[in-house]
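Enquirer: Use the sequences and the hints to build the structure in full.
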Amino acid sequence: MAEKLSWTELRRTLASRAGVSEKKASAFLNAFQAQLIEALKSDKQVKINGLGTFRVQAVAPRKSVDVTTGEEIVIEGYNKVAFTPEAGVKELVESQTFNSEKEDTVMNQENDPIQKLGAQANEIVDLLGDLGQSPEKNQSEQASVSQEPAAEEPNPFTFPQQEAPYVAPTFTMPSYAKEDDDDDIIVQKPHGEESHKLRNTLICLVLLLLLLLVGYFFFRSQITGFINSLISSNDSELLIAPADSASQDMLDGEDPNAYEKSLIPEGAISQEQILAEFLEASGDGSDIERSNEQELTYAGWITEEPMHEASRLAWMSKRYYGAKIYWPYLFDTNRDRFDDPNVIEVGTPIRVPKLTAAQRDTTNAQTIATIERLRQQAEARMR
Amino acid sequence: MLTKEFIGLLSEASGLSKKEAEHLLTTQNAIIRENLMAGKVIQLQGLGALEVKERKARAIVHPRTGERSISPSKNQLVFRPVANIKDEIKKI
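Line by line, the protein sequences are chains A and B.
Sequential numbering of the first sequence, starting at 1, is according to our numbering.
Sequential numbering of the second sequence, starting at 1, is according to our numbering.
A few of these clues could be false.
No farther apart than 27 Å at their CA atoms in a straight line, the calculated lysine-lysine pairs in the BS3-like style are these [unchecked claim]:
| # | chain 1 | residue 1 | chain 2 | residue 2 |
| --- | --- | --- | --- | --- |
| 1 | B | 91 | A | 80 |
| 2 | B | 40 | B | 91 |
| 3 | A | 90 | B | 74 |
| 4 | A | 197 | A | 24 |
| 5 | B | 19 | A | 324 |
| 6 | A | 47 | A | 324 |
| 7 | B | 4 | A | 47 |
| 8 | B | 74 | A | 197 |
Read the hints as simulated data drawn from the structure, not as lab findings.
Expert: Next up, the structure:
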């Protein structure tokens with residue numbers, strides 16, 4: 001149907017328009033082809049001014065049903081190339097080419113028998129009517145349909161762009177305007193107020209949380225400084241802050257109740273244990289890493305997947321766990337298989353552990369500390 | 001990756017200067033736009049095709065008010081990658 005602009009044609013036009021030799025144009029286009037893929041692989045997103053953005057987009061795994069056997073199957077997640085046109089280009093496409101195509105459709109429709117169009121219009125009206133929430137609306141719609149002579153209906157369809165009443169005469173608009181106007185307003189108003197209230201409370205909550213966070217961090221640095229000055233051992237300085245922030249606060253008694261709550265469901269670790277651990281750890285920094293490494297156990301294995309070209313741990317984490325932030329777990333289970341987590345050979349088998357609910361709980365301070373610790377260990381290996 | 005960085009890559013790979021690459025890229029985009037306007041399908045060898053497709057008018061429901069209306073048909077610029085690009089990207 002549509003004409004094509006072939007690669008050679010593009011090259012020739014490009015050469016003549018830009019005033020360069022065809023050789024150069026060809027070199028450019030080849031580079032464009034190769035580099036766009038490479039850039040997509042390395043950067044996930046390539047923005048090209050005057051055209052749009054190419055992007056690698058993850059499609060989440062989803063459940064489906066085998067058509068022949070009726071069994072439930074899981075369609076695996078994958079990545080695809082998505083293209084978003086630039087705003088200007090989008091407008092151009094929407095406006096200009098539309099005119100030519102509209103003319104086509106108008107021509108086609110004029111050739112069609114008018115009765116067929118009328119029947120189609122009625123069908124749509126019926127469908128919309130069936131979807132109606134109240135029987136009153138249904139009736140009003142049907143009434144408005146019967147009032148309209150069938151011969152007039154096709155007209156609005158033939159000129160969909162020029163005439164706004166295209167929607168108006170037969171469909172829901174008039175019925176809303178004439179009869180359901182009052183009801184609608186009464187129904188909608190409280191709805192709107194509610195959502196406003198909700199929004200306000202939400203904003204308040206977020207502000208409160210932010211305040212708490214800022215206060216917490218401000219306070220924490222002070223505590224760390226205080227403890228460090230007490231212990232005054234150079235080795236442990238770095239390790240104290242991230243790994244044991246929870247226990248420090250316990251020591252200080254800033255908000256003991258909150259931490260008790262968060263700790264008890266986690267693994268029923270008593271405060272004394274943590275205190276003991278903390279005291280041990282502050283004595284010798286290297287011990288804490290080792291003991292914590294052994295703590296990490298996983299619920300099992302999902303799979304072992306060879307490393308794909310241009311992939312990375314964060315993307316695998318997104319595919320299996322739904323978020324990139326869990327990649328340190330992948331580092332943890334595979335730390336013996338590569339040196340630098342940024343440079344993994346293609347084909348290296350990567351073990352993907354099953355994560356327990358607690359390990360994925362990002363509201364838990366301990367989980368965050370664990371992930372952060374793993375991340376720091378991984379970072380230490382990056383060159 | 002932004003256009004500037006991409007131009008840097010292009011000039012490296014093609015042996016053209018950055019200025020030339022930028023000039024060629026803008027001209028290429030202009031040509032692509034014009035041909036799209038003319039209703040042509042742009043074949044980018046080894047990458048895919050850029051094409052204007054019509055999106056048909058459909059009935060839509062406003063999610064909050066429940067109001068129904070018809071979204072008019074419009075045109076969309078779509079990119080169809082070729083099979084091997086699709087496969088390459090799929091399993092990243």
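Enquirer: All the hints need checking, so say for each whether the structure fits it.
Expert: Do the hints match the structure? See the list:
no.: 1; hint: 91(B) with 80(A); in the structure: holds (9 Å)
no.: 2; hint: 40(B) with 91(B); in the structure: violated (31 Å)
no.: 3; hint: 90(A) with 74(B); in the structure: holds (11 Å)
no.: 4; hint: 197(A) with 24(A); in the structure: violated (62 Å)
no.: 5; hint: 19(B) with 324(A); in the structure: violated (38 Å)
no.: 6; hint: 47(A) with 324(A); in the structure: holds (23 Å)
no.: 7; hint: 4(B) with 47(A); in the structure: holds (9 Å)
no.: 8; hint: 74(B) with 197(A); in the structure: violated (37 Å)
The structure fails to meet hints 2, 4, 5, 8 from the earlier list, while all remaining hints are met.
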